[in-house]
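Let the sequences and hints guide you as you build the complete structure.
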Amino acid sequence: MPVFFTQRQIVAPGDLLAEGNYSLGSNVYAIENRIYSSVLGLAEIKDGRVISVIPLKGCYIPRVNDIVIGKIIDVGIASWLVDINSPYTGYLQVSDALSKPVDITKIQLRKFLDIGDIIVAKVTAFDLTRDPQLTIKESRLGKVEKGSLVEISPVKVPRVIGKKGSMISMLEKELGCEIIVGQNGRILVTSRNKARELFAVRLIKIIEREAHISGLTDRIKSMIIKAKKEGVI
Amino acid sequence: MAKSEEIIPVIKKRTIEALLEKGTRIDGRKLDEYREISVKFNVIEKAEGSAIVNIGNTMVIAGVKCVLGMPFSDTPDEGVLIVNTELIPLASPTFEPGPPGEDDIEIARVVDRGLRSTKAVDLRKLCIIQGRRVWALYIDIYALNHDGNLMDASGLAAYCALLCAKISKVSTENESIKILEEKEPLPVQHQAIPVTFAKIGDKIVVDPCYEEELIMDARLTLSFNEEGQICAIQKGGRGVFTLDEIMYCAELGRKISQDIAESIKRQLENIQ
Amino acid sequence: MKGKICLLNEEGLRIDGRKLDQLRPIKIEVGVLKNADGSAYIEQGKNKIMVAVYGPRELHPRHQALPDRAVLRCRYHMAPFSVPERKSPAPSRREVELSKVIRQALEPALFLEMFPRTSIDVFIEVLQADGGTRCASITAAAVALADAGIPMRDLVAAVAVGKIEGKIALDLNHLEDQYGEADIPVAMMPGLDQITLLQADGLITLDELKEALKLAKNGIMQIYKLQKEALKSKYLESGEELG
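Chains as they are written, first to last, in this note's numbering: chain Y, 1 to 233; chain U, 1001 to 1272; chain S, 2001 to 2243.
By construction, these hints were calculated from the structure, which means they are not laboratory data.
The model shown is predicted, which means the values in this text are computed figures rather than measured ones.
You can trust all of the hints, since none of them are fake.
Mimicking DSS-like on lysine-lysine, the simulated pairs with C-alpha atoms at most 30 Å apart in a straight line are:
hint : chain 1 : residue 1 : chain 2 : residue 2
1    : S       : Lys2214   : U       : Lys1203
2    : S       : Lys2034   : Y       : Lys205
3    : Y       : Lys173    : Y       : Lys146
4    : S       : Lys2100   : U       : Lys1203
5    : U       : Lys1065   : S       : Lys2100
6    : Y       : Lys57     : S       : Lys2027
7    : U       : Lys1119   : S       : Lys2100
8    : Y       : Lys146    : S       : Lys2034
9    : S       : Lys2087   : U       : Lys1065
Reference listing, derived: stretches of chain S covered by chain U, where coverage requires no fewer than 3 residues with Cβ under 8 Å from a Cβ of chain U:
hint : stretch
10   : 2093-2101
11   : 2193-2202
12   : 2205-2213
Beta carbons are placed, not taken as given, at the ideal position from N, Cα and C, and that holds for glycine.
Right, here's the structure in full:
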């Protein structure tokens, strides 16, 4: 059962990764017992049997229970259309947005959410045949009134979050800000200290760019310490 | 969303595939069996040449018109050949009116390549005054009924229309051109006979019917001259071929092209 | 037309000094356009071609969307200044046909069923043409699709083979295409040994076809290697920025 890559080696679509009775992880496919990469990315084997490739790029495909950050792009009679940085447009119904029932024949929905408004929402239903349904009727969800929004490639989201949220909690702690990471690659940073808020945005872009290089959390931490020492933030 | 006519019932697809496994097809043919070809020559008196070709229920008409025109600057001593195909809504509920789409244009260009590569018409004989005046041959191909393999039907119709075409003689005096009453056959010197294959799963069939085309993975057309040389190839469809499959189609296609050529020759002799 | 130009000298070298089985110099760059989800630039001889990939994205008009897979759309276009005599910018019949065959050469490689109701758009702009542009376009488009992160069975690499002075030759340039006896564009998924594009004009025997396909595969394997190097080196470069 040969494996043809070293751990986290970069591979291209069509690269033969292994031959034998392995389990298929993400971004791989099999012809008979030969396992190939289907994307450009880093090849990985887990527990000696699951083969996956971590993609370097890719779009956001919604999953139920994902937290996403969306932008209102249209207002209908009883719903809003929400751009969630995906090929599939989010759909937010009145009943998933407002806590009390309203008479939609009398009320203008634009009063609640207007075109261009940013929301933090959760995906409640999606199966590729229907557009994703969203809700904002839970704590921490809803319309965003302040903060800085940064967009990164959705495939880099796990790296920004870090192992068990280590990267985010480090940023929040060191910079005294609040960070909401949408699985769709949009990240909201809020802080009372605007300079630190913008510094966090810059660091997140660095994390995105260097996501594949090891020792990232420590490097980011030392950048913060240096900036503090120099009095930049 | 695809039109209903383009969506084949799943059970029918399974039937076709099951039959292919057993070496037969939905219309009873063998995998390497071509449908019967019938040709009607010179059906349009007002055209210089014309032909209706039937391959089974597939029906295509081609007409040849000649007009005086200018040669292309890189070939001042040759006539001009222009092939146009239109898949008109008359031929199938799946065709829409409008200017030629990519399917129409693909057929026209593959037919054109075959005729041009084999030098079907001696274009130098269509030159009247070098660099100034030549005959321009327009071959217009119209689908009349679509039951698969419009590519071959179009190619054969174009070739048959050329075979029976007659062109006016001209006289030139002091650079002025006079078109005479008398006509002569178009200088057709070589043949281009297309043979199309469809790949369904791992099976290859020749001359696919409409339902086979709906479920085919890929298509391969090869055109042959009278010596069995290839004069055009076109792979189509979303699927793939292996080298061995291509060589299988080339060998079989060459043989079938000879049978078709015989059949056309017989049918042409019958009317003359 | 034939015989006006001698395409092979007495030493068996071609007009640009190549041997019969030799490719033109090829340079592939990845991620050259920031707006696109994926992009690539290829130079093959004097060909200069830019490819952008957008998607998977919402398909407009929406009624063209398919319920079970993404729609792949390709536009092959030649810039008016890409050829000696200005080409009209309106799409020609040739460009319409090539857009179709290029699409069908790429389609077998893509897992389109993973993205129902969306579109993947490939825009090919030939900035300078010198023979074999459809093949160079396919080579670059496959790289741009991989750069966009779109799941693929394999890359697709392409090259034209042909017949000059009665001999089968690899990677025809414009003069060889124009004055040669045959031109046979071939595209493959090289790792899977499957042919995704095959066309031919000119006259060839069956034996010549077989020889041509073998030579094409040879060239395609070299191009495949260059594609992979280009994709992987982009990533490695970004790693070095760290310092």
